[in-house]
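Sequences are here, hints too, so could you generate the full structure?
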Amino acid sequence: MKKLLNTLFINQPDVYLALDGDNIILLKDDEKLGRLPLHNLEAVISFGYTGASPALMGYCAERNISLVFFTMNGRFLARVIGESRGNVVLRKKQYRVSDDELKSAKIARNFIVGKIYNNKWMIERMTRDYPMRVDVTQFKEVSHYLSSIILDVRECEDLERLRGLEGQAAISYNKLFNQMILQQKDSFYFHTRSRRPPLDNVNAMLSFAYTLLANDMASALEGVGLDAYVGFLHRDRPGRISLALDVMEELRGVYADRFVLSLINKKIINKDDFLKKENGAVIMSDESRKKFLTAWQNKKQEKITHPYLNEKISWGLVPHAQALLLARYLRGDLDEYPPFLWK
Amino acid sequence: MSSKGYKDEDDYLMLSGIQHFQFCKRQWALIHIEQQWEENVRTVEGQYLHRKADQPFTREKRGNKLIVRAMPVKSNELKITGICDVVEFIKDDNGIEINGLDEKYIAYPVEYKRGKPKMNDSDILQLTAQAMCLEEMLLCEINMGYVFYNEIKHRVEVPITQNDKNKVRIIVTKMQGYYRRRHTPKVETGSFCKNCSLQHICLPKLMNKRSVKSYIEGKIHE
Ligand code: SF4
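If you read the protein sequences in the order shown, they are chains A and B. Numbering-wise (full-length UniProt numbering), the first sequence opens with residue 1 and increments by one. Numbering-wise (full-length UniProt numbering), the second sequence opens with residue 1 and increments by one.
In case anyone wonders, no lab produced these hints; they're calculated from the structure. Note that CB positions come from ideal geometry on N, CA and C, so glycine has one too. Be aware that one or more of the hints could be misleading.
[Unchecked claim] Quick partial rundown of chain A residues pointing at chain B, CB under 10 Å, derived from the structure:
1. LYS2
2. ASN87
3. VAL89
4. ILE150
5. GLY167
6. ILE171
7. LYS312
8. GLY332
9. ASP333
10. TYR337
11. PRO338
12. LEU341
Set out below in C-alpha cells:
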C-alpha cells in the first residue's frame, strides 16, 4: 500500500500559494510566510479566498497532489485536477455500470452493507464500553434491527428500495446518536441532521468532517483513475461528487461520526468554539477549525488493520484502499466490491 | 489495418515495455495500458527527450566514430517506437551511406542500464528490438550492439541474433494482442513482486485472496 503523506492546511485568509522549484511557498502581502517541500505532501487544502499560481497548480496536478480551495466556512470552491490519469478504459467501464441500474445496485448495496455494519458495531462498542451511560436495551434492539436490515440490503437489487432500507437504518441509528455524546451535554446535543446551514454545534462539526472526508474520497478516486463525479447510488447531478459520496457512505459513521464524538467526549472542542449567526446558522471559529484540523491529521496517522486486505494501514489511507478495491472490482479482478467492515 | 484519419503510429507500443513485459505481463499492462504509474512512461521518455533536446542530432565525432544520442526509432513491422540511448556509427567500407557524410558507416546501438548485467535476457531483447528498428530505418544489417552497465562501469558486447529477433517478434505480438483488447492479465505472483515498483498499485496479495462474497458473508453472519 502506498504511504500516507501530509496534508497542508492553510487556514489563514489572503495567503497566496506559489511554486519555487519543488517547494510550495506561502506569501502574504509579498512577505514569505513559509516554504515546504512538496514531495512530503499529498494534499494542500486552503480555506479562505486565497490564490495559487498556475505553476503550482500544474505541479500538483501532475504529481497527484490534491490542491483544493474551500471558503472560510468550509464550503467547497474548487479542486485542481490535471490531465486525467490515462485510464479511459476504466472510466468507460465505470460509466457503463453507472448507466445500468442493476449493476449499479449490486455495487451500491455493498456501500450500504458497509455503512450499516459499521454503525451497528459503533453501537455495540458503546454498550461494551459504557454500559452505565447508555440505554443498553435500546442499543441492543437497534443493533439487532440493523443486523436484519443488512441481510435485506445484501439481497437487494433495486436502487430505490436500497435507498429506503438505508433510510430506515439511518433513522434508528440517529435516534441513538445523542446518547453517544457523553460529555458537555448542555452544549452538544443531536436531534436531527441539519446541513444547510447546520443549526447546532454537533451538526456544524459533522458537516465539516463530512466535507473533509468527501474531499479525501474524491482525491483517492481520481488518484486511481476513477471519475469522482459519476456514482452508482447517488445519481449524477451537476457538480456533485457522486461516487465519492457513494464510497463515503461506509465511512461516515466509523470515520467522521466517531471523530466528532471523540472531540466532544475528550473535550478537545467546547462550546466557546462556535459562533451563532443571526439566522441560526452555527459556524466554527478559526481557532476551533485549527484544533479540528490538527486532530483530523492525527486521526489519519492512526494505524488499523484493513479487514479485507489484512494489512496494517493508517486511517488516512482507507479512502485510497477503498478506491483501489473499487477499481479492481470494476476491472474484473474481484468478484464483488469489498466494503470496509470495521469492528 | 489503418483506420482513416488516424495515424497508425498512435497505437505503436513503447519499445521500453519489452523489459516490463519480460519481468511481468501484468506490470507491463499496468504501465502501458492503464498508465498506472506515478509518472507514466510517456512523460518520463518525454522529459528525457526534452533534456536532450538540443543533443539528439548533434553528432559527436571521435576518430572513426560518430556518436548520436537519444535517437528516436521505430519499426513499422513491429509497430513499436522508442529511443536509443546511443547509436554509434563506425566508419566501415562495408557500411551504409549516412546523409551529410562522405564515408560509409556501420551502426551499433548502445543501451545504458543503471544496474548490473541481469540473469534474464530482457536487456538483450530490448537491444535487439532497437537494432531491428535501426535496420528498418537505415536499411542495413546490424549484428552487434552493446549494453553499458553503470554498476560495473562496463559495456557488454551483445550479438544480435536471428533467434533473439524471433523472440522479440513473438513478445511484441503478444503485447499487441493485450493492447488491442486493453486487457490487464492476472498473473501468478511470486517473489519477483518484491522488486516491483507497482506493488502498491497491483497489490499482488490480493490476487490470491478469498472471494469478497465469503468475506462479506463471513462478517455479517458473525
Ligand atoms: S506486483 Fe507482482 S504481479 Fe503485480 S505487477 Fe508487480 S510483479 Fe507483476
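Here is how each hint holds up against the structure:
1. LYS2: holds, 5 Å
2. ASN87: holds, 6 Å
3. VAL89: holds, 5 Å
4. ILE150: holds, 5 Å
5. GLY167: It is violated, given that the least Cβ distance between GLY167/A and chain B is near 20 Å, above 10 Å.
6. ILE171: violated, 20 Å
7. LYS312: Violated: closest Cβ of chain B sits about 13 Å from LYS312/A, beyond 10 Å.
8. GLY332: holds, 9 Å
9. ASP333: holds, 6 Å
10. TYR337: holds, 7 Å
11. PRO338: holds, 4 Å
12. LEU341: It holds, given that the least Cβ distance between LEU341/A and chain B is near 5 Å, below 10 Å.
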